[in-house]
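So the sequences go chain by chain: A and B. Mapping to the working numbering: the first sequence position 398 is 412, numbers consecutive. Mapping to the working numbering: the second sequence position 278 is 292, numbers consecutive.
FYI, nobody ran anything at the bench for these hints, they're computed from the structure. No residue lacks a Cβ here, since even glycine has one placed at the ideal position from N, Cα and C. Errors might be hidden in some of the hints.
Here are the computed lysine-lysine pairs in the BS3-like style, where the Cα-Cα straight-line distance is at most 25 angstroms [claimed, not checked]:
1. B:260 <-> A:103
2. A:368 <-> A:422
3. A:103 <-> B:402
4. B:260 <-> A:427
Have a look at the derived ranges for each label pair, beta carbon to beta carbon [claimed, not checked]:
5. A:358 <-> B:19: 43 to 51 angstroms
6. A:158 <-> B:376: 51 to 59 angstroms
7. A:292 <-> B:89: 30 to 38 angstroms
8. A:305 <-> B:429: 54 to 62 angstroms
9. A:48 <-> B:360: 26 to 34 angstroms
10. A:165 <-> B:378: 36 to 44 angstroms
11. B:19 <-> A:147: 41 to 49 angstroms
12. B:389 <-> A:371: 42 to 50 angstroms
13. B:226 <-> A:426: 29 to 37 angstroms
There are 2 protein chains.
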Amino acid sequence: MKLLTVDTIAEARRKLLDCVKDRRIPFERVEVEQALGCVLAEDMISPLDIPGFRRSTVDGYAVISADTVGAGEALPVFLNLAGSVEMGKAGFAGAEAAAGTKVADFSIGRGQCAEVPTGGMLPEGADAVVMLEYSEPFDAVSVAVYEPAAVGSHVVQIGEDVRRGAPLLRRGSVIRSQETGVLAAAGITKAPVYAPFTLSVISTGDELVSPAALPGPGEVRDINTWALGALAARSGYRITASQTLKDDPAALEKAVRAAMETSDVVVLSGGSSQGAKDLTAGIFTRVSRPGVFCHGVAIKPGKPTILGYDEDSATILAGLPGHPVSALMVFRTLFSWLALTLTGRREPFPIPAKMSCNLAASPGRALYQPVALAPAGNGYLAKPLFGKAGMISTLTAADGYVVVDLNKEGLQKGEDVWVHLWGEGL
Amino acid sequence: MKLLTVDTIAEARRKLLDCVKDRRIPFERVEVEQALGCVLAEDMISPLDIPGFRRSTVDGYAVISADTVGAGEALPVFLNLAGSVEMGKAGFAGAEAAAGTKVADFSIGRGQCAEVPTGGMLPEGADAVVMLEYSEPFDAVSVAVYEPAAVGSHVVQIGEDVRRGAPLLRRGSVIRSQETGVLAAAGITKAPVYAPFTLSVISTGDELVSPAALPGPGEVRDINTWALGALAARSGYRITASQTLKDDPAALEKAVRAAMETSDVVVLSGGSSQGAKDLTAGIFTRVSRPGVFCHGVAIKPGKPTILGYDEDSATILAGLPGHPVSALMVFRTLFSWLALTLTGRREPFPIPAKMSCNLAASPGRALYQPVALAPAGNGYLAKPLFGKAGMISTLTAADGYVVVDLNKEGLQKGEDVWVHLWGEGL
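Construct all of the structure, not just a fragment, from the sequences and the given hints.
Okay, structure coming up:
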């Protein structure tokens, strides 16, 4: 058996980044309504002040605050009703081009007020709004005000939500419902979002049949094509091809070469046997230059991972273990991470929890341990789920996983840990 | 001003559930590869044992454990090599129909062993596997074993991953990458998943123009059509129509009636002014029977919320505040919740955190306070984000929100809270 040096996760990640360090990550401009869940590829600067005029946050009367000094329940201040602001109606004080100079189409002077609805524009001269609840029409032309108004009360100032020229959203932000809203407010109908990276999945093994087939003796249905494809899709990759193949070196090499034409990343998930690993390494060496740069990763599960790079086609080659749990864990640790990193996206918030029991780990390999979360008091307990290699049910029962560093011998019951959710987001 | 009774969130939720209590929630069978992120509509029972045969988890030799008793580094046990298991190759011992009775196409007897690769099928007679690392070919027909093997070691038993007839996945599970994997393993190529509920968004206000338009004086771009549509889509609704309309009672009534034909839920997000609220209540009363059943919800922001139901068309009518933050918060609290509840889906895990400062709340209304999360020690601080009504930037800066119960006067600095993520998942 050849004994090759194994990389730590940090080393494997650094080498992966090195492969793509000179690459421009492509992006596309997409209708905002179609961009939900996409990652912004540029900082978005607000082209205008939001709001573009002084808006009332309540139903009430726009007033000059100085006029309301001393108003009280027993002794109201009486103001002359100069008019009523209609929603969406106003005139320009300045040139039409100069945003931020809009005013209502009438102004009020000392001793005057104007009726204004929630969201309505303050007339020029007014500097505050008194709520309906603290005022009362006295007669057709005057209003009683029962409370003094501070300057700016119940008013959103021009640009108070977002100032013109200020960052609206940052590169790397995921577009959620509220981000579509702020883009709408700014009049931005197309957003620059990262194009997905392209990825092919080739699942190999003489024992594999497709999920739709009835396995013969010694055969199993292929899990990795679907599961790795699904995880890749969630992580920002577009699947260009996926197939299940037997361990035939010539056919595999042909499939890898074809996939390299169309993909940024080619994933070959092989058996975890030494023979399958050697097969993968041989193919990667033949099809790529400079070729294999990682012969194993110090991670459990997932050690028999092989990484290579082909400069001509700018393709990363990933030989993942055949065990689905290992394959998914390694993909997440290296390739979900890579997509996040290249797009500047933040890792989803891990959840703080306490270990429900002791957990032993082997030194020299980082342990990625699936756990279930159980609420306990003001937090959670993380309960490890143990399963032999290749058992997929360990992962369907898992809410996430904890990581035990390669220089740690394990975790104590009650120890504080971070649980990385294996959730819908990723 | 009419003073009407306001419902608590619990009351409003109960009334919403009452509307749909007799309804069968429709589901559809979808190719698993297309079902990522969907919610399972039925418990899935495993039609077979996984694995269907005894699999080795390592490269090594299949042995009879009793033969290895006393083996050690100094004094190995020598076994006769009876053959080699090939991946995916084996014969049937029993009838082909009886799953679980498959064995390798040869068997071993006392004193014998067989080479077996990772994932390979154990020959009949063998009950354990010795790793390559603890064994050595001695000559062409015999193997030295340096370690005793316990019964079952390095073997996944038939049905150990999933037993035939056992629950594979539960109704209400969201299909993540690993769920596609377990369905593949079970040979289930189509999954029963809930069909999305249908929903129309009508955003009203004389001040509203479309995001693509240049707002005139006193006008603002409509945020709610996009933002509510996006949140609804994330929550399990399919948007059948969305439009921005002026506050014209006849046009609005016509639009609501048309939307009721095609939608399970019609959302009318109006101005938050009293006039707009009365307009919405009037329309709902005219178009539906039994009509309006909730005239306000004790939630901040979002009190001016109106709910109604029309039995004939089986449509829920929702009059939401015009302020985007209020509209999104109410939608999430009532309608994202409704979709989760009807499909048996679990609420995403809230994150435990400590308040970064005091937070005052008004008694009588549950406060939904947007917060940003900051890592601090073994957990997080939740930092409230304050913004006046209608400021969308409060939500784009927020990672989630905390809820202050309506009978609480606020939160203390350092108090334990749960942060509900306003994330990509929902």
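Residue 378 of chain B and residue 165 of chain A - C-beta distance against the hinted 36 to 44 angstroms: For residue 165 of chain A and residue 378 of chain B the Cβ distance comes to about 29 angstroms; the hint is violated.
For a C-alpha distance cap of 25 angstroms, please report whether residue 368 of chain A and residue 422 of chain A respect it. Within the cut-off at roughly 17 angstroms; holds.
Within 42 to 50 angstroms or not, the Cβ separation of residue 389 of chain B and residue 371 of chain A? About 25 angstroms separates the Cβ atoms of residue 389 of chain B and residue 371 of chain A, which means 42 to 50 angstroms is violated.
Just tell me: holds or violated, for the beta carbon distance of residue 48 of chain A and residue 360 of chain B against 26 to 34 angstroms? holds (28 angstroms)
Regarding the pair residue 260 of chain B and residue 103 of chain A, is the alpha-carbon distance no greater than 25 angstroms? holds (12 angstroms)
Hinted pair residue 103 of chain A and residue 402 of chain B, Cα distance within 25 angstroms: Holds. Residue 103 of chain A to residue 402 of chain B sits at ~22 angstroms (cutoff 25 angstroms).
Does the Cβ pair residue 305 of chain A, residue 429 of chain B satisfy 54 to 62 angstroms? Taking Cβ atoms as reference, residue 305 of chain A and residue 429 of chain B lie about 57 angstroms apart, which means the hint holds.
Do the Cβ positions of residue 358 of chain A and residue 19 of chain B conform to the proposed distance bound of 43 to 51 angstroms? holds (49 angstroms)
Given the range 30 to 38 angstroms, decide if the beta-carbon distance of residue 292 of chain A to residue 89 of chain B lies inside it. Roughly 32 angstroms apart at Cβ, these two residues keep to the hinted range, so it holds.
Are the Cα positions of residue 260 of chain B and residue 427 of chain A separated by 25 angstroms at most? Given pair residue 260 of chain B, residue 427 of chain A is violated - Cα atoms ~61 angstroms apart, limit 25 angstroms.
Do the beta carbons of residue 226 of chain B and residue 426 of chain A sit within 29 to 37 angstroms of each other? Given about 58 angstroms between the Cβ atoms, the range is violated.
If I claimed the Cβ atoms of residue 19 of chain B and residue 147 of chain A lie 41 to 49 angstroms apart, would that claim hold in this structure? violated (18 angstroms)
Going down the numbered hints, you'll see the structure goes against 4, 6, 10, 11, 12, 13, while the others check out.
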